[in-house]
Amino acid sequence: MKTGPILGSLLLAIALLGMAMAVSAAEDSEEVSSPDLKCLKCHSRNLKKTLEDGEKMSLRIEAVDFDKSVHRVIGCTGCHRDIAKAEKHPSREPIASRRAYSIKHNQTCSQCHEDHYADYKGSIHASLVEDGNENAPLCSDCHTSHKIQFRGAFEPVNGEPCSKCHADINEAYAQSVHGSARTEGNQLRGKFIKAPYCSDCHEAHEVLAVSTTDYLVPNCMSCHEVAKLAHEQWLPNAAMHMKSVGCAVCHAPEAELRVNLQLYDRVQQAPVRRSEDNVTLQNKLAEIDPDGNGLDPVELWKMMLKTDENGPSSDIILRGRLEVANGVDAHRLADHSEAIRSCESCHQANAEAFQNVTVSINRPDGRKESYKADSKVLNSPISVDSVGGFYAPGGTRIKWLDALLVLAIVGGLAVPVGHFALGKFLRRKK
Amino acid sequence: MNTTEAPKGAPKNQQHEKIYLHPLPVRIWHWLNAAGFLFLILTGFQLRYVDLFNLMTFETAVHLHNWVGFAVIANWFLWFFYYLTSDKITNYHPDLNVSNFFQRFFRQAQFYGQGIFMGEKRPHNVQPSDKFNPMQKLTYVFMMFITVPITFLSGLMMWDVERFSGLIALAGGIRVVNTVHVLMFIMFVMFMFVHAYMGMLGPKASTHYKEMITGYEEPHD
Chain A
1 MKTGPILGSL LLAIALLGMA MAVSAAEDSE EVSSPDLKCL KCHSRNLKKT LEDGEKMSLR
61 IEAVDFDKSV HRVIGCTGCH RDIAKAEKHP SREPIASRRA YSIKHNQTCS QCHEDHYADY
121 KGSIHASLVE DGNENAPLCS DCHTSHKIQF RGAFEPVNGE PCSKCHADIN EAYAQSVHGS
181 ARTEGNQLRG KFIKAPYCSD CHEAHEVLAV STTDYLVPNC MSCHEVAKLA HEQWLPNAAM
241 HMKSVGCAVC HAPEAELRVN LQLYDRVQQA PVRRSEDNVT LQNKLAEIDP DGNGLDPVEL
301 WKMMLKTDEN GPSSDIILRG RLEVANGVDA HRLADHSEAI RSCESCHQAN AEAFQNVTVS
361 INRPDGRKES YKADSKVLNS PISVDSVGGF YAPGGTRIKW LDALLVLAIV GGLAVPVGHF
421 ALGKFLRRKK
Chain B
1 MNTTEAPKGA PKNQQHEKIY LHPLPVRIWH WLNAAGFLFL ILTGFQLRYV DLFNLMTFET
61 AVHLHNWVGF AVIANWFLWF FYYLTSDKIT NYHPDLNVSN FFQRFFRQAQ FYGQGIFMGE
121 KRPHNVQPSD KFNPMQKLTY VFMMFITVPI TFLSGLMMWD VERFSGLIAL AGGIRVVNTV
181 HVLMFIMFVM FMFVHAYMGM LGPKASTHYK EMITGYEEPH D
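So the sequences go chain by chain: A and B. FYI, in our numbering the residues of the first sequence are 1 to 430. FYI, in our numbering the residues of the second sequence are 1 to 221.
FYI, nobody ran anything at the bench for these hints, they're computed from the structure. Owing to the predicted nature of the structure, the values given are computational and were not obtained by experimental measurement. One or more hints might be untrue.
Label-pair distances were calculated between CB atoms; the ranges are [unchecked claim]:
| no. | chain 1 | residue 1 | chain 2 | residue 2 | range |
| --- | --- | --- | --- | --- | --- |
| 1 | B | Tyr112 | A | Lys284 | 56 to 62 Å |
| 2 | B | Phe101 | A | Pro381 | 31 to 37 Å |
| 3 | B | Trp159 | A | Ile103 | 52 to 58 Å |
| 4 | B | Glu59 | A | Ala100 | 58 to 64 Å |
| 5 | B | Phe53 | A | Gln355 | 18 to 24 Å |
| 6 | B | Asn100 | A | Ser342 | 57 to 63 Å |
| 7 | A | Ser199 | B | Phe53 | 36 to 42 Å |
| 8 | B | Glu59 | A | Lys429 | 51 to 57 Å |
Don't be surprised by glycine CBs; every beta carbon is placed ideally from N, CA and C.
Based on the sequences and whatever the hints tell you, model everything.
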């Protein structure tokens, strides 16, 4: 029949006209490919699907957004392959929840972005997802589902995408020397610098727990190449300081500090990770510290005796590290002229830096699990062995040795005084 | 060498009159060592007690302590190689007759405790090849071959913790190393008092001090 093609053309024209009218901002959508227009025919409307958890999820796709997406070129079925393959549109298929649907589609990204997906799977974000954390980000949480932008569009100062979860950190970053420089067009002290944003230090996809990454010191050094040399020129034991003291300790001068004593395997040269048995450090230490007020020197010593299920292990030590007490403060990095340069701020008795002490073990996903310890563990003779790997002259000195020094001075003076007095006595007797 | 003959450089008026007890290298070592240790003790106090003393900044104290520490180590080697290559090494030879040694040791202790005040003769006859009495010998052997090297070694480890990290781990950690270093420091503080006082127990308070400057034994009677 000759009417077929004419009718078909007419219907297509009507469909296209209908689409153009339905999409509110359709002016820009001329380039959306025609198969996608079929999808948008329905999905540009305010369709909703009732999920099993009762939520009514919108199925509307903003054509303008999708048109600007970098995924426009692969079209709807580039990701929704199940629809392309299915004979029937799976609209009746039940969906447990919005989250469940996103998790199901998370690996869709791996079909093209295999490397990034592999990085993501090794990240703390993916570990949290596996742990059932409802807030842990999936691909679409950072990149969105349908308005996926090119990399340059991610601008942390403006808060996206990391600030969706890490708003407080983003705020601290924005005020830091890095954030300020970035806001001012990568200018610092009149010079162009490439100010880092979140992914420059933390990686975009392989986001790891900071405690498993040598606390990002190598990342700092990758830009601040001369920092090592600059520190070596004035800072005694510069290499040791740069290993045991976090950069932010001095370079975020307002930060609250703490000493973290991390369980460390010196043979494996890696932090100890607790097994998957879900027995937290707190549970394990309940027996040692029944009143739960933090480990005192004796309790810490007992803990080290129990580090290995088969008995004390000489391979497991406590590796001490001075660090900022919270992640937000770690991002308040100041200009180097404001950095703490006074050794006395740490190397004296009762220094604030040593009042807050924690003992930690890494969880299977690398995150730190901490337990409070009494600051006395840093000054007690009982801790000479258990905290053998951390010492700051003056700051964490053993008070017991001070008493011995006083005795030595008194004894040193007593010898001549006593001998002189003995001489007087004996001569008189003679 | 004839013990009563003075070597070249000895003051002429003292030649053939007194025993040349302390050769020049030993005197140089002794006074450099004394000054060095006093300085190390001073900077050590500053490093350990920033909250109590303010003689200099912590940073300055660290740098001075390190430099003087290296100077004192070098000085120890001067002492060591001098004695190793000279006939004066006999001063540090152990007395193989232990019973005899301790008999003389206690006689010396008795002298310091009583005889010295009663005008008794000194039990030890000082000679250039055997100038230390048993109490001195035991003390100096212990100091020079045990405590001083331990102090140097522990100090070196703390000078560059990363460089010596293997050795530090072997010793039980930086806290153990520091505790050992501080225990040595405490001992040296006491030693300084006692040593300075014992130096005054000659015929006159200044006798032994003069000997350590001129090298010649001052007349004891």
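The hints, checked one at a time:
A C-beta distance of roughly 59 Å is found between B:Tyr112 and A:Lys284, which places it inside the suggested range of 56 to 62 Å. The beta-carbon spacing between B:Phe101 and A:Pro381, approximately 35 Å, falls within the hinted interval of 31 to 37 Å. Take B:Trp159 and A:Ile103: their Cβ atoms lie about 55 Å apart, and the range 52 to 58 Å holds. Between B:Glu59 and A:Ala100 the C-beta distance comes to about 59 Å, which sits within the given range of 58 to 64 Å.
About 22 Å separates the C-beta atoms of B:Phe53 and A:Gln355, a value consistent with the hinted range of 18 to 24 Å. About 59 Å separates the C-beta atoms of B:Asn100 and A:Ser342, a value consistent with the hinted range of 57 to 63 Å. Distance hint check for A:Ser199 and B:Phe53: the Cβ-Cβ separation is about 48 Å, which falls outside the suggested range of 36 to 42 Å. The beta-carbon spacing between B:Glu59 and A:Lys429, approximately 56 Å, falls within the hinted interval of 51 to 57 Å.
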